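Spelled out from the first residue to the last, the chains are:
Number of protein chains: 2
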Amino acid sequence: MTAYSQFNECIGQINDLCCIANLLMWDERTQMPVHGGLNRGSQLATALRQAQEKFTSKETGILIEQAERELRGEDPDSYRYRNVQQAREAYEIVQKIPLSLVAEQAELVSKAQEVWGAARQKSDFKMFQPYLEHMVKVKQKLAESIGYAVHPYDALLQRYEPGMTAQKLSKLFQDLRTGMKPLLEKIRSCPDPRHDFLYRDFPIEDQLAFATEVVKAFGYDLNRGRIDTAVHPFEISFTREDVRITTRFNRNYLPMALFGLMHEAGHGMYEQGASPEISRTALTTDLLAMYAVAGVSFGMHESQSRLWENQVGRSREFWDFYFPLLKKVFPSPLEDVNTDEFHRAINRVSPSFIRVESDEVTYNFHIMLRVEAEMKMLDGSLPVKDLPDFWNSKMEEYLGVAPDNDAEGVLQDIHWAAGDYGSFPCYTIGNLVAAQVHKSARSNVPRLDEGIRQGDFAPLKEWLQKKIYIHGRSYSTDELLLSNTGKSLSTEDYLLYISEKYTSIYM
Amino acid sequence: MTAYSQFNECIGQINDLCCIANLLMWDERTQMPVHGGLNRGSQLATALRQAQEKFTSKETGILIEQAERELRGEDPDSYRYRNVQQAREAYEIVQKIPLSLVAEQAELVSKAQEVWGAARQKSDFKMFQPYLEHMVKVKQKLAESIGYAVHPYDALLQRYEPGMTAQKLSKLFQDLRTGMKPLLEKIRSCPDPRHDFLYRDFPIEDQLAFATEVVKAFGYDLNRGRIDTAVHPFEISFTREDVRITTRFNRNYLPMALFGLMHEAGHGMYEQGASPEISRTALTTDLLAMYAVAGVSFGMHESQSRLWENQVGRSREFWDFYFPLLKKVFPSPLEDVNTDEFHRAINRVSPSFIRVESDEVTYNFHIMLRVEAEMKMLDGSLPVKDLPDFWNSKMEEYLGVAPDNDAEGVLQDIHWAAGDYGSFPCYTIGNLVAAQVHKSARSNVPRLDEGIRQGDFAPLKEWLQKKIYIHGRSYSTDELLLSNTGKSLSTEDYLLYISEKYTSIYM
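If you're matching them up, the sequences are chains B and V in order.
Per this note's numbering, residue 101 is the first one in the first sequence, and the count goes up by one each step.
Per this note's numbering, residue 101 is the first one in the second sequence, and the count goes up by one each step.
If you're looking for bench data, these hints aren't it; they were derived computationally from the structure.
These figures come from a predicted structure and were not determined experimentally.
Some hints could be false.
Label pairs and their computed distance ranges (CB to CB) [stated by the list, open to error]:
| # | chain 1 | residue 1 | chain 2 | residue 2 | range |
| --- | --- | --- | --- | --- | --- |
| 1 | B | S450 | V | E313 | 42 to 50 angstroms |
| 2 | V | K316 | B | D328 | 23 to 31 angstroms |
| 3 | B | V215 | V | E313 | 42 to 50 angstroms |
Beta carbons are placed, not taken as given, at the ideal position from N, Cα and C, and that holds for glycine.
Can you make the complete structure from the sequences, with help from the hints?
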């Protein structure tokens, strides 16, 4: 047995345990009987602990070292080389994090989530404040352990978006605000498009059948996946051959299930597209997060869900083809609606307090607010007790709306209670990457829009497959952007996309 | 932390891994997309390897020893005491089995199952013969490693039916043959009851709805379980709060799904009935088989599926209540049938070559044949090459039928190819225990049959719950039989049950 294959079998077993953890989570959220939760938490903890212990062991360190020695001189862009390199990078980081800190965070997360739930119900930030203060302290210690050049946030970002920094983010966000503010103001001065018909009666089985046809047409493979219902929809994979997606239904609001499923199918196609060669390796395992996933970063993953949901699913080309079909499924509720009205309604801009209910134009402002708060709390320039004021005044500044209470404001997201600190930027990064990649696809793939106008998504899907999906975690987000769009992450293509689209819809 | 609680957390993690393995299997057989199998085998192997390594480690040996020391003087019938004792017994046995033998068997099983499938398709025992020869050698080595007093089969039986021996089995089987032979001959001289109507058209949704109502009435709790379809039906649990059962449907044969589901619900109620106290302990984990299960032995488990399927589900009392309801569900196919005819049809005796298709009276002969063969191959008195002749002549002797070919004869069961050698006796033990326990329930529980005649199964269910289910693996089959039926395993009650029932049906 070569050193590489020994290394690979070790990582393979860690991948197995991560896939197992994913199955436990999928089952819990979609199939488990109502009273079935006993020990499910400890089963998940045991699987992840076994993976963690195996990965952080001295033996694994030796296997990585021996594989590195064996691969010396090999093409540094090869999957084999990248496989070892990914493991090495994660190994170095986890070795720096004290076990006591991991335990402290795990205990805090468990309590903090409970308290957050209660605090949100009572709309009382003060209840949650000490837990968030503790969480910020834990994250400060984590950043110190990992180390960083400029801002402690840089250390935390590596977990979600390797290569990203606080400085780069601040620059991107500044550009975004400058570009979006005038557009948002213009839109707000325009009349609200008609959207009453989205709230009519759409039987759930018909919604499911239509949405399923759409994601199959996108290229989501149901022979290697399945669709279920979940309260909080998600995509999850247990190898490229078994990638499951979920959605939720509102009989009286058509967009929820349909765009939700497009979104998850975008995630799903990324996972299904990973090369069979890299299955059960570090190139399909996030060894820092101990999570089986082929997408290379949170932002790159989110870009693919957004691209299929927004750039494709909310485009005029898409509905030129699909609206007549949708009308056949729902003849009565859509009787008095034409393609133009429908397309405007599903792209309606309407500032709201709530991130998950917001549209393409306002969404990024929600993210900017959170990321600014995360950075400031982390470097100590924003005391946690002042967070609600900061939140409300930023909401007013960015979107011109202010929440009536903490539940609709600072307490709306579970992320901080769950210990996810540094993940928010990825939503906006996803938006930017989606636009940048989509623009490149449009200029490189002949008849891409034409294809979509005829319900043919294969040209786009195949390009994405070849350029991004197949590589899994082999190349960084920056490498993928450079080689496929000719530049690093920028706001340019996104601003162009948003401005063209919304000018045509509103003005 | 006490030594006992440290021991208990260690076994708890092993139980977690076994429950995980069960979830992987359940999902594979009921939910996994058609092409989803990549790495599922290695995921299962990794979970079980982690459990095995953890259990056989020196650290676990020390934890068991320290717990034993701490519990010295404690009531030896207490759950805590039995928890440690069960772990100790399994630990001693696994320490005796060389890892090389475990690996040899794993490799053999994987090949042997493949070859068995091909051999069965071609109906060619010669193809499978070298693999079975190798399997017998492996089992001989296994028996020598574990050790035994009289017959090597005794060592293998411990894996499935602790306390059982070749000698005891031979005596039970002798009694059984003596008692059953005259009855079977009498039955064969009687006219075949009418059974044409069982093969009529029974829509599957209606079958499922009726069978579900029946098992809910038995006491199977759907809030802590669920019902799915599977090619080879089974019951499986991931704690007492999540016990899932499956069945399969034949639209043109009513008994399959209905009695199949009753059978699995019997298994399921045993698992759901385990005391919450013993969840995630050695009393709900088969540490020899590395399998999460609360039932104390294969035979005891099988007794509960048989009891609910046969003693209850095929009884006249049951159908006195349920036949009118069944007729309401299927008015047309059962139009010309009365309760008496239906009851006779579902209890029809008809010797067949195939074990899984056989009835209550002939079933045990199939088992006796296999167990005799297993014993003789193991002690060397039956060369593997002579097995088909042995098989066919025993079929002729016991049931008066002989298979036309190996596929319908010696190759019909996967057990030997799968390495299950010593499990066959448990089917017959299950039949005997079911009758023995049922008789005791009838004499101890007031109005048991009367209750069933009114669709009320609670008196029976509660008695079984209190006497058997609640204890999980705390007390041996023999202990449970002694305390609840006043005697060790015997054929007496079974012969009485069979003779009374079939005399009333046939004569």
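Inset, instruction - Return the numbers of the hints above that this structure violates; sort them in rising order. - result: Hint check: nothing fails, all pass.
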